[in-house]
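Enquirer: In case you want the letters, here they are:
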Amino acid sequence: MSTTPRALVVLDVIAGLALAVAAGMVFFYAPLERVMGAVQKVFYFHVAAGWVGMLGFGLAAVAGIIYLMRRRSRWDLLGVAAIEIGLVFTLINVVTGMIWARPVWNTWWTWDPRLTTATIMELVYIAYLMLRQGIEDPERRARFGAVYAIVGFLSVPLTFFSIRIFRTIHPVVLGSGDPTATGAFSMTPRMTQTLMVSLVAFSLLFVALLWHRLRLGELGERVEQLRLKLQS
Amino acid sequence: MEQPANTFTYFIAGYAVIFGAMLIYLVSLVVRWHHLRQDEALLTQLEAEKANPQARDQAFSP
Chain A
1 MSTTPRALVV LDVIAGLALA VAAGMVFFYA PLERVMGAVQ KVFYFHVAAG WVGMLGFGLA
61 AVAGIIYLMR RRSRWDLLGV AAIEIGLVFT LINVVTGMIW ARPVWNTWWT WDPRLTTATI
121 MELVYIAYLM LRQGIEDPER RARFGAVYAI VGFLSVPLTF FSIRIFRTIH PVVLGSGDPT
181 ATGAFSMTPR MTQTLMVSLV AFSLLFVALL WHRLRLGELG ERVEQLRLKL QS
Chain B
1 MEQPANTFTY FIAGYAVIFG AMLIYLVSLV VRWHHLRQDE ALLTQLEAEK ANPQARDQAF
61 SP
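Protein sequence lines correspond, in order, to chains A and B.
Heads up, the first sequence is in UniProt numbering, so the first residue is 1 and it goes up one at a time.
Heads up, the second sequence is in UniProt numbering, so the first residue is 1 and it goes up one at a time.
If we strip away everything but chain B, and leave its shape as in the complex, we get:
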């Protein structure tokens, strides 16, 4: 009886692409989340300083 074609390498390559792409997308979500959290914290701080400039001056005074 004839054997199936030996295509195991392609099978592995296919699943490497599938899980690799999913992993890259997950990492991109995490990285973007952290960057936005940092931006949010910085902008909130700037907003607070803009609303109360004295607090900023006091923070930098010796």
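If we strip away everything but chain A, and leave its shape as in the complex, we get:
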């Protein structure tokens, strides 16, 4: 169990290469936006990180539903792994958004609907990890985690659609958005290609990280069982 499966090593290499290609395209292939300049290039990984964050939270909700039906601890481990990775990438999404906002909106932060809902979403899942820590019984912890992941998922569509429902300064690059949005731009074919490659690279990275985190969770579960066995 300690040796890394060959398929995971291959996936690591593919994900690493895909990320390198995506970064190369961002730096050297994607054109410079004519108003915002270089900071607009943060967009490619900013969107990809947001996508992976929401993917993680969505997967955790699905794992929660399956856990409640089958009561197998593997689904609980999958849920925790997906949420942890989702949190890391949502944090990247929020911080890169702030860095992009500073020269374009002339502020690091504003209580815009998208920024607010994304922050609430991040806090909802930080609370999930903190509350889990307080539950000793593994079965009860898993049941609580499953229900929380399902209910917490409500924050994901709220965040996604916030820029399409509410009046906002956050641009909607894909699809039509609020005309008052600041920092909007038209995508050229090269920009679209770079975004697509970034989305694929981040998705591969997500799967690789999820597998690693799942193995870590399994190891943690074995250690916890050994500890409980010794205590009894």
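To be clear, the hints were calculated from the coordinates, so they are not data collected in a lab.
Any given hint could turn out to be false.
To be verified - Quick partial rundown of chain A residues pointing at chain B, CB under 8 Å, derived from the structure:
| # | residue |
| --- | --- |
| 1 | V39 |
| 2 | V95 |
| 3 | P138 |
| 4 | R213 |
Remember, it's a predicted structure, so these values are computed and weren't measured experimentally.
By construction, the Cβ of each residue, glycine as well, lies at the ideal position given by its N, Cα and C atoms.
Position chain B relative to chain A; hints supplied.
Expert: For chain B alone, kept in the frame of chain A given last:
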């Protein structure tokens, strides 16, 4: 023709955050893995000693 805004510093800061956060998360996975492996080895040893206390006594005898 008007030049784009000079926002190169923000661009670098953005990618430093992205790769920095990814690196920190990878390191945290590795560190947690090693700690758990150590815990597992220790608990397995304790379990074996609990199952066979004579083996522990023999190991410590001069």
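Enquirer: Next item in the hint list is A:V95. Is there a CB on chain B closer than 8 Å to its CB?
Expert: It holds, given that the least Cβ distance between A:V95 and chain B is near 5 Å, below 8 Å.
Enquirer: Go through the hint on A:V39 and say holds or violated, using the shortest Cβ distance to chain B against 8 Å.
Expert: holds, 4 Å
Enquirer: With chain B as the partner, please determine if A:P138 meets the hint condition of a C-beta pair closer than 8 Å.
Expert: A:P138 check fails; min Cβ-Cβ to chain B is 16 Å, beyond 8 Å.
Enquirer: Does the nearest C-beta of chain B fall within a distance shorter than 8 Å of the C-beta of A:R213?
Expert: Cβ of A:R213 sits 7 Å from chain B, so the hint holds.
Comparing the model with each earlier hint shows a violation of hint 3 alone; every other hint is respected.
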